[in-house]
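With the hints as constraints, model all of the structure from the sequences given.
From first to last, the protein sequence lines are chains A and B.
Heads up, the first sequence is in numbering that gives the first Met the number 0, so the first residue is 0 and it goes up one at a time.
Heads up, the second sequence is in numbering that gives the first Met the number 0, so the first residue is 0 and it goes up one at a time.
No wet-lab data here; the hints were simulated from the structure.
Keep in mind that this is a model prediction, so the values were computed, not measured.
Virtual Cβ for every residue (Gly too), placed ideally from N, Cα, C.
There could be a bad hint or two in this list.
[Claimed, not checked] Calculated from the model, a selection of chain A residues having no Cβ within reach of chain B, i.e. all distances over 10 angstroms: (1) A96; (2) R127; (3) E130; (4) D139; (5) T143; (6) L144; (7) G148; (8) A164; (9) S249; (10) P277; (11) R279; (12) E328; (13) K337; (14) E347; (15) W360.
[To be verified] List of simulated lysine-lysine pairs, BS3-like, C-alpha gap at most 30 angstroms: (16) B/K149 <-> B/K302; (17) A/K119 <-> B/K414; (18) A/K226 <-> B/K149; (19) B/K149 <-> B/K75; (20) B/K349 <-> A/K195; (21) B/K287 <-> A/K119.
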Amino acid sequence: MQFHYQRLPNGLEILGEFMPQSRSVAVGFFVKTGARDERPEEAGVSHFLEHMVFKGTERRTALDVNRDFDAIGAHYNACTGEETTLFWAAVLPEYLADALDILTDILRPSLRQEDFDLEKQVILEEIRMYEDQPMWSAYDQAVTLFFDGHPLGHRILGTVESISALSREQMVEYYHRRYVAGNIVVALAGRFDWAKTVEWLEKYCGNWPAGEAPRQLLPPQVRPATKTIQRPQVNQEHMFVLLPAPPATSEWRYAAEVLATVLGDDTGSRLYWALIDPGRADAADMSYHEYQDAGAFFTYLCCDPQDAAGNLELAMQTIAQAVRDGVQEEEIHQAQSKLASRLVRGNERPYGRMRSLGYSWVYLQQYRSLEEELARLRAVQRDQLVALMEQNDLEHATIVALGPLAELSCGDSEGARGGAAVSASRADPASNPAQPGFSLRGLP
Amino acid sequence: MRELASHKEERLAEIYHRTWPNGLTLLVEEMPEVRTAAFTMLVPAGHIYDPPQGQGTANVLSELILRGAGSRDSRKIVLDLDALGVDYSVSAGSFHMNFWGVTIADNLVPALEIFADVVRAPHLPAKELPAVRELALGALDSLEDEPREKVLVELARHHYPPPLGNDYRGDREHVERLTIENVREFYNRTFRPNGTIVSVAGRVRGEEIGQVVERLFGSWSSQPEPIWQLGPEPQHYAHIPRQTQQTQIGVAYAAVPFGQDDYYAARAVVAVLSGGMSSRLFTEVREKRGLCYAVWASYHSFKDRAAVFCYAGTTADRAQETLDVLLAELRRLPEGVSDEEIRRVQAGLKSALIMQQESASARASSLASDWYYLGRVRSLDEIQHEIDTLTPQRLTQHLRQYPPQNFTIVTLGPKPLQIPVA
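Written out as structure tokens, the structure reads:
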């Protein structure tokens with residue numbers, strides 16, 4: 000495998016990994032902007048703008064954009080997260096030039112009023128779609144509560160109110176502020192000719208405005224709390240438990256992934272044995288979410304409302320026990336083995352590799368080959384997990400429960416008591432480097 | 000299924016194929032360029048064999064079957080698969096119990112050994128049934144909190160007669176009553192090598208996998224195919240009242256099954272409707288009118304019948320317009336398809352075909368599916384040729400012969416919609 004890197008004079012960074020075994024190529028434009036970079040009055044603009052990027056340019060109408068992508072058989076989409084907005088396409092190698100032509104063109108969108116008004120309706124539908132899904136409603140509430148006023152608590156989609164009130168002018172201003180060449184990384188993986196690719200990108204992007212779009216970094220002060228949201232029409236109780244974890248820029252992220260897998264992978268983890276295997280809950284899993292200056296371990300529980308308090312308590316005890324007694328070598332090896340296998344598979348095709356490459360550059364300004372990633376994963380030791388659990392306060396969780404219950408704590412449930420203290424201690428993390436995000440197209 | 004000639008062994012292009020006297024078929028595609036390997040096992044024991052008063056039995060079995068097999072107890076199976084880095088699933092499909100797994104290529108054979116025990120020697124322990132039943136009931140409850148999934152489940156139920164249109168999760172009351180004897184009876188009646196398809200793709204050697212499968216499954220005895228009965232045609236319309244913000248809309252109509260002459264034309268029509276973002280549904284419903292975020296159509300096939308399932312979700316007060324626009328697009332299809340549309344469909348199909356070659360999982364699943372529907376594995380050249388020979392005339396002719404009609408319509412939301420007379 001071969002790594003290439005070039006920075007254009009306007010600050011646009013281009014990186015590529017040639018994969019001789021692949022039959023296609025994936026390219027992604029990672030714009031380092033997302034919900035956390037929004038001002039309160041523009042909540043949801045990053046995601047709305049991501050949609051608007053596909054609505055046309057001086058050279059193309061919205062329908063032209065779709066037709067041009069489809070004419071080359073491209074797989075393409077975009078997604079918006081808290082910190083990154085990604086536009087990507089995967090094509091056969093002979094269509095790379097066309098794909099770059101379209102992607103670079105749409106990244107200078109016209110943002111026409113008429114398209115803006117129409118697409119606003121689509122965004123409002125997307126918000127309502129998620130509001131009808133209790134798990135997502137609980138997720139949003141949990142993130143907002145956990146980050147307590149920090150920009151990482153912003154909702155990616157915004158709200159019906161913020162989107163309804165948003166003007167085209169506000170979007171244009173946000174666009175000029177954030178979509179500057181120095182704030183964009185282009186990553187390629189698969190089969191491509193590096194010299195030609197750079198030549199094309201110089202031609203298409205060389206005139207993009209230079210500049211930086213700094214982000215105010217301020218580690219969040221996480222506030223443990225518990226909130227119960229009653230929704231009588233919901234069938235099951237949907238609960239999120241959030242605990243602090245290392246940020247994406249930390250070397251501890253590998254240990255965090257291993258720990259999350261040991262504690263909360265969907266098979267064979269401690270939560271699996273405590274809650275799923277005995278049939279107590281329908282879902283009980285943990286994942287590690289990483290951001291530039293923060294991280295969080297998300298535990299999701301879903302079960303019959305009458306079992307909710309007891310299951311929450313059990314989940315917290317499971318975490319507390321790991322904090323108190325540590326984890327076994329054997330569990331660590333199992334987690335490493337699963338993660339290594341997923342890493343290899345996830346990076347086997349150009350799209351997956353492009354994402355790893357791009358996010359690694361966005362967060363670390365570093366290239367890491369798959370072998371290096373595997374080596375870092377395998378190097379995680381038991382004492383690192385112990386240290387990780389000591390460094391992060393896993394004694395106090397942020398808990399959100401959404402479902403038929405008016406009140407979660409039934410007196411017998413330590414973990415769910417109104418305030419904050421839960422009987423857990425350090426947390427767990429889990430894993431995917433991919434940011435949770437919302438994509439352009441609602442697929443089956 | 001009849002028994003095939005013993006030890007039939009051949010190479011179909013790059014495919015290693017072998018069918019044993021007991022009726023089990025193995026297909027292997029060697030992909031030396033990848034590091035992983037994937038397998039699919041289709042055991043002809045799907046939920047169509049659920050007893051009429053035991054809807055959900057196959058689904059309970061799909062979980063219980065992993066709870067101890069051969070020399071391993073429940074915990075040991077999970078631990079060993081984890082140690083091998085296998086991602087896996089067992090699910091009850093309509094006709095098959097589907098076993099799927101993928102891992103680093105070196106670990107494939109030990110993973111197959113574990114799954115051979117799971118398939119042939121499961122313990123089906125009585126003490127695990129209460130927990131498994133709770134999970135099955137939980138899945139039924141969770142479905143009610145997923146309006147999109149719910150409307151699609153009901154759409155299939157109202158389109159195909161039972162048991163074809165049944166949901167694998169079954170019936171709450173039946174699952175509550177299920178005994179360990181019921182589950183064991185289902186296993187004994189349905190699990191058999193005749194009709195079982197094992198496919199493997201990845202960095203493996205066909206002959207080696209052939210020897211492994213011979214050792215693991217060669218002595219498995221065939222048995223008669225269990226009986227199942229097709230029920231009456233369902234009501235093709237339903238509204239499910241639900242206090243949601245959006246109304247979920249499902250529309251289905253009959254299509255040509257996989258394996259029939261016009262199959263590629265049928266697939267191309269679905270791509271015209273819902274291939275890329277320039278396809279008709281996305282363009283007309285979302286791009287031009289902003290009626291919804293999600294709208295799509297997808298093709299589904301059994302051996303003897305097939306359907307196109309369409310979905311849209313939108314705010315309740317715009318749902319009627321969404322349904323009307325969706326149906327208008329379906330009815331307009333026989334008017335014809337343009338050259339440009341065909342070219343885009345061809346480009347999309349070609350690139351999907353080539354990109355599928357990069358994925359061991361996709362190939363393993365494709366091999367098994369080809370064998371089940373066609374009794375052979377299509378070569379890439381054959382598929383490419385079929386894609387290349389699609390023309391607007393061929394599609395228009397197909398659409399006139401099989402126009403979208405007799406729609407099944409299911410909605411979920413605060414209020415019912417007006418359903419136009421077919």
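Each hint, compared with the structure:
Listed as a non-interface residue, A/A96 keeps its Cβ farther than 10 angstroms from every Cβ of chain B; the least gap is roughly 15 angstroms. Not every beta carbon of chain B lies more than 10 angstroms from that of A/R127, the smallest distance being close to 4 angstroms; the non-interface claim is violated. Once the 10 angstroms rule is applied to beta carbons, A/E130 is inconsistent with being away from chain B; the minimum gap is 6 angstroms. The claim that A/D139 lies off the interface holds: its Cβ sits roughly 14 angstroms from the closest Cβ of chain B, which is beyond the 10 angstroms cut-off.
The Cβ of A/T143 sits about 19 angstroms from the closest Cβ of chain B, beyond the 10 angstroms cut-off, so the non-interface label holds. Residue placement check: A/L144 keeps its beta carbon more than 10 angstroms from all beta carbons of chain B (closest about 21 angstroms). For A/G148, the condition that its CB be more than 10 angstroms from all CB atoms of chain B holds, with the nearest at approximately 27 angstroms. Non-interface call for A/A164 relative to chain B: holds, since the shortest CB-CB distance, roughly 18 angstroms, exceeds 10 angstroms.
For A/S249, the non-interface assignment is confirmed: its Cβ lies about 25 angstroms from the closest Cβ of chain B, beyond the 10 angstroms cut-off. A cut-off of 10 angstroms between C-beta atoms contradicts the statement that A/P277 is not in contact with chain B; the least separation is 5 angstroms. The non-interface label for A/R279 is inconsistent with chain B: the shortest C-beta to C-beta separation is roughly 7 angstroms, within 10 angstroms. Distance to chain B confirms A/E328 as a non-interface residue, since its nearest Cβ pair spans about 12 angstroms, more than 10 angstroms.
Remark: the non-interface label on A/K337 conflicts with the geometry, its nearest Cβ contact in chain B lying 5 angstroms away (cut-off 10 angstroms). Look at A/E347: its CB is around 6 angstroms from the nearest CB on chain B, not clear of 10 angstroms, so calling it non-interface is violated. The claim that A/W360 lies off the interface holds: its Cβ sits roughly 23 angstroms from the closest Cβ of chain B, which is beyond the 10 angstroms cut-off. Taken as a hint, the B/K149 and B/K302 pair is honoured in the structure, with Cα atoms around 25 angstroms apart against an allowance of 30 angstroms.
Proximity of A/K119 to B/K414 is assessed by CA-CA distance (about 24 angstroms); at most 30 angstroms being required, the pair is judged to hold. Simply put, A/K226 and B/K149 have alpha-carbon atoms about 28 angstroms apart, close enough for the 30 angstroms limit, and the pair holds. The suggested pairing of B/K149 with B/K75 is violated, with an alpha-carbon distance near 35 angstroms, which exceeds 30 angstroms. For the hint linking B/K349 to A/K195, the alpha-carbon distance of about 24 angstroms falls within 30 angstroms, and the restraint holds.
Between B/K287 and A/K119, the direct Cα distance comes to roughly 12 angstroms. Compliance with the 30 angstroms bound is thereby established for this hinted pair.
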